[in-house]
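6 protein chains.
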Amino acid sequence: MKKRVVAFGELLGRFDTEGHERFAQAEMFKIGYTGAEANVLAALAHWGISTESVSRVPAHELGQACINFLRRYGIGTESILRGGDRLGLLYVENGASQRPSRVIYDRKGSSFAQLDPAELKWDGILEGAAWLCLSGITPALSPGLVIAQRKAIAAARRKGVLISYDCNYRSTLWSLDQARAVLPELVTGSDLIFGTPYDMKEIFGIEEPGVAGANRLREKFGIGRVAYTFRESPSTTQNIIKATLIGPGGSCDSRSYDIFVIDRIGSGDAFAAGILYGLIEGWPDQRTVEFGAAAACLKHSMPGDFLLSTIDEVNDLAESGRAGRIRR
Amino acid sequence: MKKRVVAFGELLGRFDTEGHERFAQAEMFKIGYTGAEANVLAALAHWGISTESVSRVPAHELGQACINFLRRYGIGTESILRGGDRLGLLYVENGASQRPSRVIYDRKGSSFAQLDPAELKWDGILEGAAWLCLSGITPALSPGLVIAQRKAIAAARRKGVLISYDCNYRSTLWSLDQARAVLPELVTGSDLIFGTPYDMKEIFGIEEPGVAGANRLREKFGIGRVAYTFRESPSTTQNIIKATLIGPGGSCDSRSYDIFVIDRIGSGDAFAAGILYGLIEGWPDQRTVEFGAAAACLKHSMPGDFLLSTIDEVNDLAESGRAGRIRR
Amino acid sequence: MKKRVVAFGELLGRFDTEGHERFAQAEMFKIGYTGAEANVLAALAHWGISTESVSRVPAHELGQACINFLRRYGIGTESILRGGDRLGLLYVENGASQRPSRVIYDRKGSSFAQLDPAELKWDGILEGAAWLCLSGITPALSPGLVIAQRKAIAAARRKGVLISYDCNYRSTLWSLDQARAVLPELVTGSDLIFGTPYDMKEIFGIEEPGVAGANRLREKFGIGRVAYTFRESPSTTQNIIKATLIGPGGSCDSRSYDIFVIDRIGSGDAFAAGILYGLIEGWPDQRTVEFGAAAACLKHSMPGDFLLSTIDEVNDLAESGRAGRIRR
Amino acid sequence: MKKRVVAFGELLGRFDTEGHERFAQAEMFKIGYTGAEANVLAALAHWGISTESVSRVPAHELGQACINFLRRYGIGTESILRGGDRLGLLYVENGASQRPSRVIYDRKGSSFAQLDPAELKWDGILEGAAWLCLSGITPALSPGLVIAQRKAIAAARRKGVLISYDCNYRSTLWSLDQARAVLPELVTGSDLIFGTPYDMKEIFGIEEPGVAGANRLREKFGIGRVAYTFRESPSTTQNIIKATLIGPGGSCDSRSYDIFVIDRIGSGDAFAAGILYGLIEGWPDQRTVEFGAAAACLKHSMPGDFLLSTIDEVNDLAESGRAGRIRR
Amino acid sequence: MKKRVVAFGELLGRFDTEGHERFAQAEMFKIGYTGAEANVLAALAHWGISTESVSRVPAHELGQACINFLRRYGIGTESILRGGDRLGLLYVENGASQRPSRVIYDRKGSSFAQLDPAELKWDGILEGAAWLCLSGITPALSPGLVIAQRKAIAAARRKGVLISYDCNYRSTLWSLDQARAVLPELVTGSDLIFGTPYDMKEIFGIEEPGVAGANRLREKFGIGRVAYTFRESPSTTQNIIKATLIGPGGSCDSRSYDIFVIDRIGSGDAFAAGILYGLIEGWPDQRTVEFGAAAACLKHSMPGDFLLSTIDEVNDLAESGRAGRIRR
Amino acid sequence: MKKRVVAFGELLGRFDTEGHERFAQAEMFKIGYTGAEANVLAALAHWGISTESVSRVPAHELGQACINFLRRYGIGTESILRGGDRLGLLYVENGASQRPSRVIYDRKGSSFAQLDPAELKWDGILEGAAWLCLSGITPALSPGLVIAQRKAIAAARRKGVLISYDCNYRSTLWSLDQARAVLPELVTGSDLIFGTPYDMKEIFGIEEPGVAGANRLREKFGIGRVAYTFRESPSTTQNIIKATLIGPGGSCDSRSYDIFVIDRIGSGDAFAAGILYGLIEGWPDQRTVEFGAAAACLKHSMPGDFLLSTIDEVNDLAESGRAGRIRR
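Those protein sequences? They're chains A, B, C, D, E and F, same order as listed.
Residue numbers for the first sequence follow this note's numbering, beginning at 181 and rising by one.
Residue numbers for the second sequence follow this note's numbering, beginning at 181 and rising by one.
Residue numbers for the third sequence follow this note's numbering, beginning at 181 and rising by one.
Residue numbers for the fourth sequence follow this note's numbering, beginning at 181 and rising by one.
Residue numbers for the fifth sequence follow this note's numbering, beginning at 181 and rising by one.
Residue numbers for the sixth sequence follow this note's numbering, beginning at 181 and rising by one.
FYI, nobody ran anything at the bench for these hints, they're computed from the structure.
Be a bit skeptical, because a hint or two may be false.
What the hints assert, rightly or not - Straight-line alpha carbon distances no greater than 27 Å define the calculated DSSO-like cross-link-like pairs of lysine-lysine that follow:
hint : chain 1 : residue 1 : chain 2 : residue 2
1    : D       : Lys210    : E       : Lys210
2    : E       : Lys288    : E       : Lys210
3    : C       : Lys331    : C       : Lys183
4    : F       : Lys288    : E       : Lys210
5    : A       : Lys210    : C       : Lys210
6    : B       : Lys339    : B       : Lys381
7    : F       : Lys183    : A       : Lys301
8    : D       : Lys210    : B       : Lys210
9    : A       : Lys210    : B       : Lys210
10   : D       : Lys288    : C       : Lys210
11   : B       : Lys381    : A       : Lys210
12   : B       : Lys400    : B       : Lys339
13   : B       : Lys381    : A       : Lys288
14   : D       : Lys183    : D       : Lys331
15   : E       : Lys210    : C       : Lys210
16   : C       : Lys301    : C       : Lys210
17   : C       : Lys288    : D       : Lys183
18   : C       : Lys301    : C       : Lys339
19   : D       : Lys301    : B       : Lys183
20   : A       : Lys288    : B       : Lys400
21   : C       : Lys301    : E       : Lys183
Could you build all of it, start to finish, from the sequences and the hints given here?
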């Protein structure tokens, strides 16, 4: 088994309307489970990496169903705590053409937000881990989670575990001022971060755009690598993406993909998983960014938040840049 | 149009697994909307009574979908406020045979629980109303709702609106001590109350069982009529119910029904609607209790919380005691 | 291939709500196709009899889908005409417990009711046929269909084809007076008729009940055999049936079945098919009536109007009177 | 509440096959309810306009389900009569790529076509109305409906209610000669009409194309404004539309939309609703035509006949011309 | 009835995941039945040709369900044998965008592969047939099937039945060496063959590409006509196809179609059906190849393996090259 | 974590028709995964026991989906081999009333039947195990599996792992003679066996019925405990079961359950799990047999082969003998 990846973040139930129905039309919802960090683990587990989700869900049947969902896709669940009031939820309505998709979050008062930092024994959890995955969603959920994330980071440092941090600023969870007060400290010294140009400018105060900005960010906060995707959206149904990875050896761009979108949620997490996989494998950055971009691209072609493509499937696309023939 | 019935209570989303699936197996949930008081209104609206739901839902698409659901079944929704954090939910798993059904509530922090009593202008809301329907669930949800219910009762008294109160004690929402501190005051002077023997003994301190206890309750709290059903459950699939109505003119028992259960949730509310309908129509208590019991019985034969049987259908059963032939 | 059975009657689309939903709740309808006479053919075709449906459907895709449905289950469709305005429909809501099932017919102005009797060439259609199946629904639909049925009967007589006539009086289609003016003539001389005690009394003026009445009917109208089932309905979910066959050799009763009802529509037609099959095979009447009753019983255990049980399955039940073990 | 809009037209049940199934493959149909005029009201109701549907449905459960569907989406249903034989239907098969969509109408002998003009008391119905919406489908259904529409128009004139008339010529319902004998009279003096170039030429005898023709039509029949959309269909899946509004102040064109089609039915009605909304709000014609075109565009992105986009959503598209980002 | 077409080949169950779900996500599978040769017959039967499938399925309910599926779509099933162990299966996962579709075959040990050549009486089966359809899949399944196909060919020659042979080389069923040892003999003297450039080169040793190669193939093996399609796949969702037919009178190219793909499986068989139909009708090759290409194009627009478009629908597209308007 | 239970047996895909549809009606199949031994593990895993499935599935996506299904419900899958041709299948049609359920097996040539005994390293697999679960299905599938089971037994003896053996004689897999030649040897010395009276008599030559026979079996083959259930089937919908456990301390009978059957498949495996759990916990035999019977009873109330009831739920039923109230 390859090295172990641990991720700490909220797990949520996801309710999807059927097809392209609007919420007002919905009679049935498809249930799935998600979480930015868990989505990263799902792809890694699919690729044979040993993974561990660190989170907290209620001690009832839906909390168990969430855990079962992760187990089904091979994610380790031994470090998930049980307790608290409720499982956070998101409701998703899949847009089309000129109509954007719509997500309603219902995550207030969740078991995860109520987590007591003392409950997590990080030294044990991180035993044998190669990477720890974090995101900027977690500190936005409660003051206790800021502390919990700090403790996780400190333990990772102690044990030589690399840190990947996805900024993931969400204006519906906290203000820019709140984020600015916390995120710069938390990301400092990360080995890899994912961030949009907006994040870089508004939260980290980086004025330069693109690669220059990424390098400025690396210097300012002692960060190893920075990665991001660039997306054009001629419509909800058609998106065009490409990716960039900037590290000590310079910057690499991936090829660009013109995508017919089935479900774009989770594509950023699939990208993160792809980059992490390349780094774990010790691939050159160019190969890594192509792998990450292909992973992000493929996520758009399937429902749900998890990328369920094999390494061969991602590599085939990363190398050829296009869909192969029907496989039979 | 017949006289108007107003009901004040929480509205919730209801997610059902398919068939007899357990939560752990569920991939799809059927969505519906419910609430003890709204369920009463749904039956009354189906029977041609003008109804009005007083509640509060979030100002997003699911709040709107909840309102649309009520409108669909003819319930008035002009007095539903919009705001607050979330729509309370319940998840339902339909049991069978020796396996009981299972309900998980997720109603903490709901828009309704956050309601500010000052937002409701009861004199306007109750204009033209014949009855106001309340339940013991509401005061269990927040201190503000105790105040809101008190205001509603006071306004009803002022305007000569009759009050129906369903005790509905739920141990998962509050303790017996909490209920004892509030419910006796709130039910005092009601024109009709629904309560189980357990409620009568534990909350209202009535030691006598059955009809004697009901009469004791009527005297002690100045209540017009008391109604309840008695249920035997040989299994989750087979239930046997009958009903009793005790009023100034004595007590009446309904016939008994041996039921094959499709969905028993909402049957108590259907019973309440049936009793209210009989009182609105001025029927003799015996006819009223038969109508209420038949309404409760029929609710078990259809999915969802709302009784969707016509007056003729309920009357046919109330009179014959058995299913008619296929109607074509 | 066994001898050929021809049936003349309307074909209808059948829309079912899902599970036990009421019409007001329905979002999806399951589509099937039916017709009293076609239902008889479906069972016979399943048992290896060569069958032919004579009817008329519109010349559009739904008319074709109806024909495809019959073909799928092995019914001959070469004699189905195409033309006219619309396919008749019925909507079905499956009751339960004390709630009766509900059927809404929407068959006015159907292609079949508009059929011109001159379009059917009965001598060719009946070539090689052993039996012609008719019902009392057809003459109720239009004056032209009375003529068409008369022509079919005359041709059958000419060609020595036996006639089976299911009275099937439906008060929603015509009045008793209308039926009395036509049915006695049409059933006269039939080799087999199916009729309820109500039919016998109200339409044919037979005062005696049961077997005596059936024998009176046989004499009065020169009928070969009379068959009927007797049904008790403690609830929509539980029905108890047994059957009787009266012929020249006396009367035979089947065993009785206590049935958990999945879908009772089509059980009368399955019974008719079972009786016809016994007569075609030349079985003794006792075996025939047991086979017919078992066929009727089994129809209740599956959705849709067609009995899809093999000869072995029906025989197993007819002989043992109870469900066998799981078959694997 | 904004001013009231009344619409008079048939209500139909709509049965859709699932996904892109052809009729011959369908096992399940999704049920919805529709009607050209009701579709206009649905969008207006969604935007907060008080609406009233004037129609007639059968007095059975499906008639009620149709009314419930309108209520669900906020349309007023107090003026819908009950009676007659049947609910008109349409069956829809959603095409794709080079395969056109297919609609089978089954509306002959409907309750609405059987409507007696004397049943409608227009002065009461139109009380407080700002606009009356009519279409050229109604007079095509029966002579009685020509009379009913004439009476509606006369009452609207008396009460100062503005009239919107959608020509909607359907060759499957009546011939050009029949339409020419009736429509010119009915549209004369309308404040707004919707019509295709084909309608203008073949029914109203306008030879000039485009804006010139629209102005000629306005003069000849004393019409306030004329609106239409222009659609290119490279395939069933890709449509390109833009819109034009011609009035006293000249003509305005909307931007053009390149659309990935989910369901194009109802897009013309969504356009009509958008134009009416702009006129009700007193917007400049340019803003009005952009709003109408965006409404039409968005309707293509969701299943069913009703446009369920908020004013903000339509405005966002009207202003930017493209889908926004995922909304969460 | 037009002349009769007989096809000999395996029948398989086809299980599809829902929408664009991956196998790992599937909870439900849609069941259909297929087979390269049966797919050809389905289209021909839809166009009014008398057809007959020659195959073998197990003597249980799923074997019967497969036969029922063929009957439903009008294919003759009298020559299908029953016996053997199992029905071959394929599982299909519908790809999208850059993700290719995926087919898992599970056809080892099927009833068809176990077929004893002596069971088929070809002289009787081919009585009255105009064409016999064969494919290169059959000899790949078992040595007995090579013999069976040889016998079929010999009988066709004896009876003057024309032969259509679809090479259909599948590397997962046999090696090129195995195919080279058998196919050249089997296709020799066919009146029509379908083959890819890859087939021509690798199996038949034709070095020339395109039309030149086809003519070389015709000469070398005494073949009447050669037909093939050329497909470009910018993505799984977008395919571009055109077709070529080469015969004694020269070669004809069809127009090209830019397709939004719903389900591309079966499009090659629809093409074959279209070419056969043109030959049966005696159309000029140009019209025939256009009809075949339009048939192939339309197959992509509907789920399942069968082309369910009428002759008029195919002709409309073949003539105009684009989707018509919505048909209502 | 409690002691570890290892089970060795085939894993199969299970396809269910919807509701009570017959195979001939099925359009959709629900997919699940099963196996007699895996079903035992599923219940044990649900109760917190560490489990390990030893089996073999194909190295494709459906093999992976099968593994994922086990992981989802907490079963250890590290010892499942990958390779071979196919996943064995069963198709299930859920009977009702007088119609028995029907199972079609399609397991010939499965990956498991092709397993090479040398592939399994039993000493490692059984490390730390308390029990090894085997069944008489495995040796019926191939000679190699007889050897594999012998090796497993030998290793268990060496390592002091207790053996549970479920006879599970299936006449469709092998003859009595074949079973008699192998099973007596394999069960000798088991610590626990499950067997029907039929198995005892026909395979093991025990003439005495009931408890006497069980004790005779224990003596003759050196078996620790014998357990079985007794089932009466008034209909497919109603079953009555009770259980007996015979050991060194005598025999114990459970209470009897009158069951409304949702899905009876897997109830024998749930019983086995219950007995094993009691033995693992060291409960008295009376408590153990009640727990086992309650587990078997509850399995009938849910779809699928796995018992998904908690220890508390099973204990509640084992103690009270009836369904509790709705749990909310």
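Hint check:
1. A C-alpha spacing of about 17 Å is found between Lys210(D) and Lys210(E), which places the hinted pair at or below 27 Å, so the restraint holds.
2. Using a Cα cut-off of 27 Å, the hinted pair Lys288(E) and Lys210(E) holds, with the two alpha carbons roughly 21 Å apart.
3. Proposed proximity of Lys331(C) and Lys183(C) is supported: the alpha carbons are some 22 Å apart, at most 27 Å.
4. Between Lys288(F) and Lys210(E) the alpha-carbon distance is near 23 Å, which keeps this suggested pair within the 27 Å criterion.
5. Under the criterion of a C-alpha separation no larger than 27 Å, the hint pairing Lys210(A) with Lys210(C) is consistent with the structure, at around 21 Å.
6. For the hint linking Lys339(B) to Lys381(B), the alpha-carbon distance of about 32 Å lies beyond 27 Å, and the restraint is violated.
7. Proximity of Lys183(F) to Lys301(A) is assessed by CA-CA distance (about 25 Å); at most 27 Å being required, the pair is judged to hold.
8. A threshold of 27 Å between alpha carbons decides the hint, and for Lys210(D) with Lys210(B) the separation of about 15 Å falls inside it, so the pair holds.
9. Pair hint Lys210(A) plus Lys210(B) holds up; C-alpha atoms about 9 Å apart against a cutoff of 27 Å.
10. Taken as a hint, the Lys288(D) and Lys210(C) pair is honoured in the structure, with Cα atoms around 23 Å apart against an allowance of 27 Å.
11. The straight-line distance between the Cα atoms of Lys381(B) and Lys210(A) is roughly 44 Å, outside the 27 Å bound, and the hint therefore fails.
12. Taking the CA atoms of Lys400(B) and Lys339(B), the gap is near 24 Å; set against the 27 Å cutoff, the hint holds.
13. A threshold of 27 Å between alpha carbons decides the hint, and for Lys381(B) with Lys288(A) the separation of about 37 Å lies outside it, so the pair is violated.
14. With a C-alpha separation of about 22 Å, the suggested pairing of Lys183(D) with Lys331(D) holds against the 27 Å cut-off.
15. This hinted pair checks out: Lys210(E) and Lys210(C) have alpha carbons roughly 15 Å apart, not beyond 27 Å.
16. Restraint check: the Cα-Cα separation between Lys301(C) and Lys210(C) comes to about 35 Å, which exceeds 27 Å; the hinted pair is violated.
17. Simply put, Lys288(C) and Lys183(D) have alpha-carbon atoms about 41 Å apart, too far for the 27 Å limit, and the pair is violated.
18. For the given pair, Lys301(C) sits about 13 Å from Lys339(C) by alpha-carbon distance, which is consistent with the 27 Å threshold.
19. The hinted pair formed by Lys301(D) and Lys183(B) meets the criterion: a straight-line CA distance of about 25 Å does not exceed 27 Å.
20. Restraint check for Lys288(A) and Lys400(B): not satisfied, since their Cα atoms lie roughly 43 Å apart, outside the 27 Å limit.
21. Taking the CA atoms of Lys301(C) and Lys183(E), the gap is near 25 Å; set against the 27 Å cutoff, the hint holds.
Comparing the model with each earlier hint shows violations of hints 6, 11, 13, 16, 17 and 20; every other hint is respected.
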